[in-house]
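Trainee: So the sequence lines, in the order shown, correspond to chains A and B.
So for the first sequence, the working numbering puts the first residue at 1; every next one is plus one.
So for the second sequence, the working numbering puts the first residue at 1; every next one is plus one.
There could be a bad hint or two in this list.
[What the hints assert, rightly or not] Keeping only pairs whose Cα atoms sit at most 20 Å apart, straight-line, the calculated EDC-like set for lysine to aspartate or glutamate is:
hint, chain 1, residue 1, chain 2, residue 2
1, A, Lys228, B, Glu241
2, A, Lys228, B, Glu181
3, A, Lys228, B, Glu94
4, A, Lys228, A, Glu217
5, B, Lys93, A, Asp319
6, B, Lys111, A, Asp187
7, A, Lys128, B, Glu84
8, B, Lys111, A, Asp319
[To be verified] Heads up, incomplete: computed chain B residues facing chain A, CB under 8 Å, no partners named:
hint, residue
9, Phe16
10, Leu60
11, Ala105
12, Pro108
13, Val109
14, Ala119
15, Leu122
16, His123
17, Pro127
18, Tyr152
19, His154
Note that these hints are calculated values from the structure, not bench results.
Note that the Cβ used here is the ideal one computed from N, Cα and C, for glycine as well.
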Amino acid sequence: MSRRDFLLRKFLLSLVTIFVVIVINFMLFRVLPGDPVRSVIGRNVRISAETQQALREQFGLDKPIFPDQFIDTIGQWAQGNLGISWSLRRPVSEVLMSKLGNTVLLIGLGQVLAIFLGVTLGLLAGWKRKTAIDVGALTFSLVAWAIPTFWLGIIFLAAGSAWFGLPTAGIMSPENTGKPLMTILPDLARHLFLPTLTLTILYLGEYMLIMRSSILEVLSEDYILTAKAKGMSDWQVLWRHALRNAMLPIVTLIALNLGFTVSGAIYIETVFSYDGLGKLFQTALVKQDYPLLQGAFLLLAVSVIIANMAADILYAVLDPRVKES
Amino acid sequence: MTVQPLLSVRHLTTEFQLAGKQIARALEDVSFDVMPGKTIGLVGESGCGKTTTLMSIMRLLPASGRITSGNVYFNGIDLLTLSEHEMRAHRWKEMSIIFQGAMNALNPVMKIGDQIREAILLHNLMPRNAAEQRVGELLELVGIPRLRRDLYPHQYSGGMRQRAMIAMALACSPDLLFADEPTTALDVMIQAQVLELLKEIQKKLGLAIVLVTHDLGVVAEMCDDVVVMYGGKVAEYGSAELVYNQPQHPYTQRLLEAFPDLSRSIDSSTDLATIPGTPPRLNALPPGCRFSPRCHKSMEICTQIAPDLIAQNTAGNAQHLAACHLLNKLEIKNS
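Could you put the whole structure together from the sequences, leaning on the hints where they help?
Mentor: So, in structure tokens, the structure goes:
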């Protein structure tokens, strides 16, 4: 299979997957219990039955689910219209986009740090197996991986604000809203510090553990013995022969994690009241804001699929064996 | 005028640390010589220390392995006294190795040509294009078209991979080539081709080969000398001709009986002989001669005292040694 065929196939497969997700996403919110109109009205019982019916018609909820609502919805989605958020009374796509930047900043930073530190630590631990470095890194990673996200977040929040005077909520201090970016960078960094630290520690453990076992497996391979027999130093063997092979499982993990970053941030953003997608999802869930949830699910699913496609392609670049199979 | 041996292994003893502080003595008192340009075969069942011998000589034992005593002289230098840094300069430049499964011995994510070039540039200061030229020559030497340098190991067939491995082993024109069961993973036709290639290259380049195998037919065809190993010790050692025609050690005799003789008619109703039992576990070696529990000629002394290697009377310069109490008539009478 040529490289072009391979890429094309992966792309088409991703498109099909996205379509399936759209269908499931649509059905899911139609079988969920609860009446959207009631949700919008809340406890205001004085709204008459006629008004309620008018609301249903306004949202197109009086029509049959299939095919009318389905076709209507898909058509709207294709144009980028994900509906109106019931709780915020603003277009869903606009709401999502306004929070996306904050989340990508937090998650991106945390992931990059976690990947870099975790992979380095795992490499060292595997290479210096059974030494103090290995035992220390292994213990730390297992503990870090096992700690619940919200718990670590709360501990850091308490400790950080009590002892270091770090802010407890938001992405910047209220008085800085609207000021030029350059002048508020220190303030942004102070707000980012704790959630990023939490995120880094939580993901670091996983990367470290996978990298360690991967490098151990690779180091037992015959081609490593060949490389040593060629007269290479340990560093040369590690750098030129072991690293690339050992990185293969990590690439998959990175892609999967990046895909799930949006959902993974729910806990952290909620604990730190960080104004990103995760917190938005939580709000949408609590308020049963179906259009917003639906949009959120769609964004989530598409980002997971794209991340997977990226992983497949990157994997093929790193491992020449993949394209054949 | 006598020719000095290229490689001289003396009383090599290697131990492995097992789980639970147990020690397995994988090699004990192994000695043999490799003459320049000659081929020596290391034979014996699996687990008799053949590969450990090679790994000890190249000092590539895993972390649990340790050479506890002995010397390995290469061109007069004791390799075991060198620092790791000095040893690295000897590897591949003077002695290279090819393994059983060339599939796994080549890095799957590196082009074949790059792997060969890497070996060249590790030990030689030369411009990249000169190294590239050499890669082409090496590939052609083993019968692979130059253009195939850009392929990855999985795109080669088994036989081609072993050829590429041989080309890589020749990258720095070594004096000595270790071949650790180079044909075991290949089918019979390809086996013959690879062996033929090794012989051809030896003739052309004059390198010495240490061939590890349990295929006695290969030994008969390829080797000048043979070391028969059992339980980490040398059971019999001598010129291939003498060991084949006048095997002295019962283990060698049984090994040869267990090997099909194609000069006999194929529909012969006699089954091939087998040696009952398995080689000893290296952390639970029997006292006395290590072969005694399986030996059909075992005597009382065999279970008590380990026999020494005894030189056999041979015509001319050929040497022939075997470690068996049967060969020491005096001892038998006294016991």
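Trainee: Can B/Pro127 be said to touch chain A, with a Cβ gap under 8 Å?
Mentor: violated (20 Å)
Trainee: Please verify that hint: B/Val109, Cβ, nearest Cβ of chain A, below 8 Å or not.
Mentor: holds (5 Å)
Trainee: Does A/Asp187 lie within 20 Å of B/Lys111 when you go C-alpha to C-alpha?
Mentor: violated (50 Å)
Trainee: Has the given pair, A/Lys228 with B/Glu181, been kept, meaning a C-alpha gap of at most 20 Å?
Mentor: Roughly 19 Å separates the two Cα atoms, so the pair holds.
Trainee: Is it true that the CA of A/Lys228 sits at most 20 Å from the CA of B/Glu241?
Mentor: violated (36 Å)
Trainee: Classify the hint on B/Ala105 as holds or violated, based on whether any CB of chain A lies nearer than 8 Å to its CB.
Mentor: holds (5 Å)
Trainee: Is it true that the CA of A/Lys128 sits at most 20 Å from the CA of B/Glu84?
Mentor: holds (17 Å)
Trainee: Holds or violated: the hint that B/His154 contacts chain A, with Cβ atoms closer than 8 Å.
Mentor: holds (5 Å)
Trainee: B/Leu122 was flagged as interface toward chain A. Is the shortest Cβ-Cβ separation under 8 Å?
Mentor: With Cβ-Cβ at 6 Å, under 8 Å, it holds.
Trainee: Was the hint right that B/His123 lines chain A, CB cutoff 8 Å?
Mentor: Hint holds; B/His123 Cβ to chain A Cβ min 6 Å, cut 8 Å.
Trainee: May I ask you to test the interface hint for B/Leu60 with respect to chain A, counting a Cβ-Cβ separation under 8 Å as satisfied?
Mentor: This hint holds: B/Leu60 lies near chain A, its Cβ roughly 6 Å from the closest one there, short of 8 Å.
Trainee: Return the status of the interface hint for B/Tyr152: holds when the least beta-carbon distance to chain A is below 8 Å, violated otherwise.
Mentor: Result: holds, 4 Å to nearest chain A Cβ.
Figure legend: structure checked against the earlier numbered hints; hints not met, in rising order: 1, 5, 6, 9 and 17.
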